[in-house]
Amino acid sequence: MAQSATTALSAYPKGSATVKFFFYFSLFYLLLSMVMGLIVALKSVNPDFLTGSRFLQEILSYGRLRPTHVNTAVIGWQTTAFLGIMFYGVPVLAKAPLYSEKMGMFTAVYWNLNYIIGAASILSGYQTGVEYAEMPLLFDIGVVICVVLTFWNLFQTLVRRNERMLYVSIWYWMASIMFLGIVYIIGNIPAGWAGSGAAQMGYYYFYMHNIIGLWITVVGVGTLYYLLPKLSDRPIYSHKLSLIGFWTIAAFYVWNGPHHLINGPIPVWLMKAGIIPSLLLLIPVWSVLANVIGTMKGVWYKVSQNAPLKFLLTGALFYGLACIQGPFQSLMGPHAILHFTYWTVGHAHMPLFGGFSLIQFAAIYYILPRIAYRHIYSRPLMNWHYWLSVLGFIIFGFAMWTAGIIQGFEWMDGKQLGASFVEMMQSLHIFLISRAVGGSLMFLGQIIFVWNVYKTVKSGRLIEADDPILRKTS
Amino acid sequence: MANNAEKNPGLLLFGAAFLVIIGVIGTIALPYFDEGITTPTETAKLKNYPADSAEARGRHVYIREGCQYCHSQSVRPVRADSKLGQPSLPGDYYYDAPVLVMTQRTGPDLTWVGQRYSADWQHAHLLNPQEIGGAGSIMPKYDYLSQQDRDDLVAYLLSLKPALKTKD
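From first to last, the protein sequence lines stand for chains A and B.
Per UniProt numbering, residue 1 is the first one in the first sequence, and the count goes up by one each step.
Per UniProt numbering, residue 1 is the first one in the second sequence, and the count goes up by one each step.
For reference, chain A alone in the conformation it holds in the complex (with noise of 0.2 Å):
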């Protein structure tokens, strides 16, 4: 029966080798940056964690180990459970198989051991010291030749659809995809080939804010418009109005890199440059609130029966609270007082993590049982997964904001120096242990994510070839 059903269903243009092959790994790197992250926390309550023998205390030591955090975090988890969200997607609203599934494993192999080798790299000390872009250059090309490939492989499985119009999910990723290759190579380009430093900066934190900007973001909300009509079963509220979003994020995100620099070392009209696109922000930002709140009206009851679309619409919430948080700190007055500080620390997780991870554990729970034809394992895990996830982080991230508001003020106070700045840290202390704590909540549900997935995979109760689950595939 089983056989049946499978076989029944392989016409079904999925590319599904090349999608599980990214979803395993994202989930390993889920797990992985997760525990890097808990260190680094634990490191920040005592700096002698972890450093009882010499190697452990070089290899993991604080300053190796963040970077390592973050670049698994964002181009380990999410860039790899995101191409294999597209692999899936594009080929479904195309209804069409994909152009080349040997091109697609290739690309999946090529950049899991790309990514693995550039970390360990960091590890053992060979970082750019360019935050974000920490990989060695070697690794950078790897990445590029990789996010080459997938644009072609799905490029050219649009150019061979069977449907002719473009959902506009399609629009967002075909779009974060480039967008994605534009970012890496302008931002990876070597400090040494820029000339002067200050000029640098420029491509520094257009990178730092645009590999977030212009490609989780883009490809974030392309798969939030592709899930939000499946799991709430409703038509998108406003198709007008996912396209002004689309054009909007295009045209303004791109000018954020200099808001990172705000009463910096660079001329204040780069600075305002940096400032205005960051409030315009707002727009695309309201485009999709509004989209979500104008499709769900009505069936908001859903939310209760339904774990990924709890997901889904709780990533959208963080999304929006992070886009309303971000045009604020991009201000030149609460800049002066919040940058450097925790808060900062706090604000990346809340689009990174509360965001658009929540939008793809969403992804992976609707996906899953569509590649491997089996039901997901247990809904009382998926709800842990999720009360864990979204409580830990919102305890991290009270956290971080406390901190960070706390530590700007006493600068403002004075202590900016010696021992009356071990002194203020001193009073961060209660912070730094609730941020281990929300971590490791976070941590916990991530365990319980990866173990439900596991199960479905292994003993899930199979999906018979009449499943409704599938008439829905489409």
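Quick caveat, the hints were computed from the structure, so don't treat them as lab data.
Accuracy of the hints is not assured; some may be wrong.
Here are the simulated lysine to any residue pairs, SDA-like style, with alpha carbons at most 25 Å apart [said to hold, decoys possible]:
(1) B:K141 x A:I324
(2) A:K95 x A:I463
(3) A:K297 x A:I324
(4) B:K141 x A:L60
(5) A:K455 x A:W384
(6) A:K20 x A:V35
(7) A:K240 x B:F14
(8) B:K83 x A:I371
(9) A:K458 x A:N112
(10) A:K20 x A:I463
(11) A:K230 x A:I371
(12) A:K272 x B:V24
(13) B:K141 x A:I371
(14) A:K272 x B:P40
(15) B:K141 x B:L164
(16) B:K7 x A:T248
(17) B:K141 x A:K230
(18) A:K230 x A:S440
All of these numbers come straight from a predicted model, not from anything done at the bench.
Since the structure of chain A is already known, use the hints to place chain B on it.
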């Protein structure tokens, strides 16, 4: 409802790339035409270390160990930075590659740290920050660095100071 443009992925991607390139020109290319950015200051010249000098090697150790994740190198003209010394200018970073302004101040700013402490203090502090800096310090101990690396790192830290020049 849909018009023709919505059926053409090539057109869509071209338009999106065009908008992004405008932003790239605005935030990355235009700064090359700003004099403040393209003119090195006296301080920058002081930080233009000859290749393979102790300071240049020390800067490499600084990056390798990730000191920049907790220590910024940028003094802003704001009250929160009032005791850190003179504000940084774009031209101060002229010869830095990469620039180490960074985004966190989990430890104090190091822009002008060369003015504040002696070589002996820096060595002792790197070996045991809790003993020298205060029990509440959360800086890791850098006792695993080789003598050579630590000497170079201290040389680099001591070189971080403004040029003795006219007041502004």
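Taking the hints in turn, this is what the structure says about them:
Between the alpha carbons of B:K141 and A:I324 the distance comes to roughly 39 Å, so the proposed pair goes past 25 Å and is violated. In summary, the hint linking A:K95 to A:I463 is supported, as the alpha carbons are separated by about 21 Å, within the 25 Å threshold. Restraint check for A:K297 and A:I324: the C-alpha separation of about 23 Å stays at or below 25 Å, so the hint holds. Using a Cα cut-off of 25 Å, the hinted pair B:K141 and A:L60 holds, with the two alpha carbons roughly 12 Å apart.
With a C-alpha separation of about 15 Å, the suggested pair A:K455 and A:W384 falls inside the 25 Å cut-off, and the hint holds. At most 25 Å may separate the alpha-carbon atoms for a hinted pair to count; A:K20 and A:V35 meet this at roughly 23 Å. Using a Cα cut-off of 25 Å, the hinted pair A:K240 and B:F14 holds, with the two alpha carbons roughly 20 Å apart. Between B:K83 and A:I371 the alpha-carbon distance is near 60 Å, which puts this suggested pair outside the 25 Å criterion.
Between A:K458 and A:N112 the CA atoms are separated by roughly 23 Å; this keeps the pair inside 25 Å, and the hint holds. With a C-alpha separation of about 17 Å, the suggested pairing of A:K20 with A:I463 holds against the 25 Å cut-off. Under the criterion of a C-alpha separation no larger than 25 Å, the hint pairing A:K230 with A:I371 is consistent with the structure, at around 16 Å. Simply put, A:K272 and B:V24 have alpha-carbon atoms about 15 Å apart, close enough for the 25 Å limit, and the pair holds.
Of the supplied pair hints, the one linking B:K141 and A:I371 is violated, its CA atoms being roughly 49 Å apart against a limit of 25 Å. A threshold of 25 Å between alpha carbons decides the hint, and for A:K272 with B:P40 the separation of about 23 Å falls inside it, so the pair holds. Taken as a hint, the B:K141 and B:L164 pair is broken in the structure, with Cα atoms around 33 Å apart against an allowance of 25 Å. For the hint linking B:K7 to A:T248, the alpha-carbon distance of about 20 Å falls within 25 Å, and the restraint holds.
A hinted pair counts as satisfied when its Cα atoms are at most 25 Å apart, and B:K141 with A:K230 does not qualify at roughly 53 Å. For a cut-off of 25 Å, the pair hint linking A:K230 to A:S440 is broken: about 32 Å separates their Cα positions.
Hint check: violations occur at hints 1, 8, 13, 15, 17 and 18; the rest are consistent with the structure.
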